[in-house]
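Student: Residue strings, one per chain:
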Amino acid sequence: MLTKRIIACLDVDAGRVVKGTQFLNLRDAGDPAQLAFAHSEAGADEIVLLDITATHEKRATLLETVRRTAREIFVPFTVGGGVRTLDDAAAIFDAGADKISINSAAIADPSIITEIGKRFGSQAVIVAIDAKRANGGFEAFVHGGRKPTGKDAIAWAREAENRGAGEILLTSMDRDGTGIGFDCELTCAVSQAVQIPVIASGGAGGAKDFVEVFRVGQADAALAASIFHFGLSSFSDLKQQLQTEQIAVRFPC
Amino acid sequence: MIAIVDYRAGNLASVKKAFEHIGQTPVVTSDPEVVAKAEKIVLPGVGHFAATSALVDSGLREAIAQRIKQKTPFLGICVGMQWMLACSEEAPGIKGLGIWPDQCVHFPAGVKAPHVGWNQLEIRGETSRLLKGIPSDSFVYFTHSYRVPLLQATVAESEYGGKFSAAVEQDHLFGVQFHPEKSGDVGLKLLENFCSL
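Just so you know, the protein sequences line up as chains A and B, in that order.
Heads up: the first sequence begins at 1 in my numbering, then just goes up one per residue.
Heads up: the second sequence begins at 1001 in my numbering, then just goes up one per residue.
Just chain A, with the same shape it has in the complex (with noise of 0.2 Å):
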């Protein structure tokens, strides 16, 4: 049976992984390659590192960020984060990452979705969107949430998913770095709106939120930071706890 997968999130800052609350105030979690081996030693399904300051001078260290974690690795390893062109993911791959994960760069030319699928297949493109409550509905964010961009956020899911996105990667700003629990109604909405796997991400507290993703918000992969980072939720207990909510996991793994 196919099992709902729990993603660690690195958000990397100069090299450093870093976490923040609703995109702000961020403070130091350790080396990326080190969290990303013992989390994947561990029991996490697949790593994300998410370049979250990413700027043309800090593109040296990220690619080196990159080849040092994806080295000891054997599980999916997706990296985000200032990915602008086909050479800046084909640089990525290169450095050995299996996915890559874009947001302002496919708003602002989703063709990049399409060609970046022609050259690395689709499962290697995950189309990352940062949505935050507003009019009733969920809008699209882009440049680490910084930026408004008019668009819906379920349109926009649709959208990415049409031109060849392998996965949609679905933050709530609302809830990001809160601990209240993942924004299960938006993950639905995505979810329902699109063929294609949806990870929720933002709020993640404990297992119990988990639980309700899965199964409230249809989601098929969820992703969290903190929790993991700073030792308040181990990928074995929470995945004991998921299987006996009856929701199936890799475990033991």
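Hints in this document: simulated from the structure, not taken from any laboratory.
Positions of the beta carbon are idealized from the N, C-alpha and C atoms, including for glycine.
It cannot be assumed that every hint is accurate.
[Unchecked claim] Restricting the straight-line Cα-Cα distance to at most 30 Å, the calculated cross-link-like pairs of lysine-lysine (DSBU-like) are:
hint, chain 1, residue 1, chain 2, residue 2
1, A, Lys118, B, Lys1095
2, B, Lys1069, B, Lys1095
3, B, Lys1132, B, Lys1189
4, B, Lys1189, B, Lys1163
5, B, Lys1112, A, Lys208
6, A, Lys118, B, Lys1040
7, B, Lys1163, A, Lys118
8, B, Lys1132, B, Lys1163
9, B, Lys1017, A, Lys118
10, B, Lys1095, B, Lys1040
11, B, Lys1189, B, Lys1069
12, B, Lys1040, B, Lys1069
13, B, Lys1037, B, Lys1132
14, B, Lys1112, A, Lys118
15, B, Lys1095, B, Lys1071
16, A, Lys151, B, Lys1112
17, B, Lys1071, B, Lys1132
[Said to hold, decoys possible] Stretch by stretch, here's where chain B covers chain A in the computed footprint (C-beta under 8 Å, at least three residues):
hint, segment
18, 86-96
19, 192-203
[Unchecked claim] Quick partial rundown of chain B residues pointing at chain A, CB under 10 Å, derived from the structure:
hint, residue
20, Ala1013
21, Ser1014
22, Gly1045
23, Gly1047
24, His1048
25, Val1079
26, Ala1113
27, Gly1117
28, Gln1120
29, Phe1139
30, His1144
31, Lys1182
32, Gly1184
Position chain B against the provided structure of chain A, taking the given hints into account.
Tutor: Frame of chain A, contents of chain B only:
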């Protein structure tokens, strides 16, 4: 020498890295002459079945076919496994290697496609050399929209909208639908088995 065949379909860094991790020094190549000398051949593949047409134009298909006749162990991964069949619904008109006369088919309506994530292996019998030491119910990582039906050569099946071939094996020919390079210790064990043939 293990040749990882590069036909410009996707990213081979992970496959290469996994072989290196288990102490091998694989060569990533798109040169038919290198393939002709390889002691083992790995054909990865992600993306579209149509991408395999590049194997014909480059002469790689002929080199692989020759080497297979000489009993060189061959491992097809994902689309590389699908290519071992005659053809695929994904790209009608593009011929596979045709080791088996069957066709790859799309997942049935009613299940989300692609099939992405960790699923379990149901291993048939105990004779597989590729799966030696890997217990039934082990989890491996899949990502694909088309699948190989159950064959006589199927040594492991998985369930997603019906059963399909997760691994096939016939003499020195092996294929896996999942990604051993992304399947943790289970995947590394499988690659070790292939290397020690």
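Student: Taking only the CA atoms, is the gap from Lys1163 of chain B to Lys118 of chain A under or equal to 30 Å?
Tutor: holds (29 Å)
Student: Under 10 Å is the threshold here; is the Cβ of His1048 of chain B close enough to any Cβ of chain A for the hint to stand?
Tutor: holds (7 Å)
Student: May I ask you to test the interface hint for Gly1047 of chain B with respect to chain A, counting a Cβ-Cβ separation under 10 Å as satisfied?
Tutor: With a closest approach of 3 Å, the Gly1047 of chain B hint holds.
Student: For a C-alpha distance cap of 30 Å, please report whether Lys1037 of chain B and Lys1132 of chain B respect it.
Tutor: holds (27 Å)
Student: Tell me if the straight-line CA distance from Lys1017 of chain B to Lys118 of chain A falls inside 30 Å.
Tutor: Roughly 23 Å separates the two Cα atoms, so the pair holds.
Student: For the pair supplied as a hint, Lys1069 of chain B and Lys1095 of chain B, confirm whether the alpha-carbon distance does not exceed 30 Å.
Tutor: holds (18 Å)
Student: Would the hint linking Lys1132 of chain B and Lys1189 of chain B be met if the CA-CA limit is 30 Å?
Tutor: Between Lys1132 of chain B and Lys1189 of chain B the Cα gap is close to 9 Å, so the pair holds against 30 Å.
Student: Can Val1079 of chain B be said to touch chain A, with a Cβ gap under 10 Å?
Tutor: holds (8 Å)
Student: Measure nothing beyond the straight line between the CA atoms of Lys1189 of chain B and Lys1069 of chain B; if it is 30 Å or shorter, mark the hint as holding.
Tutor: holds (26 Å)
Student: Would you mind confirming whether the straight-line C-alpha gap from Lys1071 of chain B to Lys1132 of chain B stays at or under 30 Å?
Tutor: holds (20 Å)
Student: Assess, step by step, whether the Cα of Lys1132 of chain B is no farther than 30 Å from the Cα of Lys1163 of chain B, and give holds or violated.
Tutor: With a Cα-Cα distance of about 22 Å, the restraint between Lys1132 of chain B and Lys1163 of chain B holds, given a limit of 30 Å.
Student: Given the hint that Lys118 of chain A pairs with Lys1095 of chain B, test it: the Cα-Cα distance must not exceed 30 Å.
Tutor: Judged against 30 Å, a Cα distance of about 20 Å means the pair holds.
The structure shown violates none of the earlier numbered hints.
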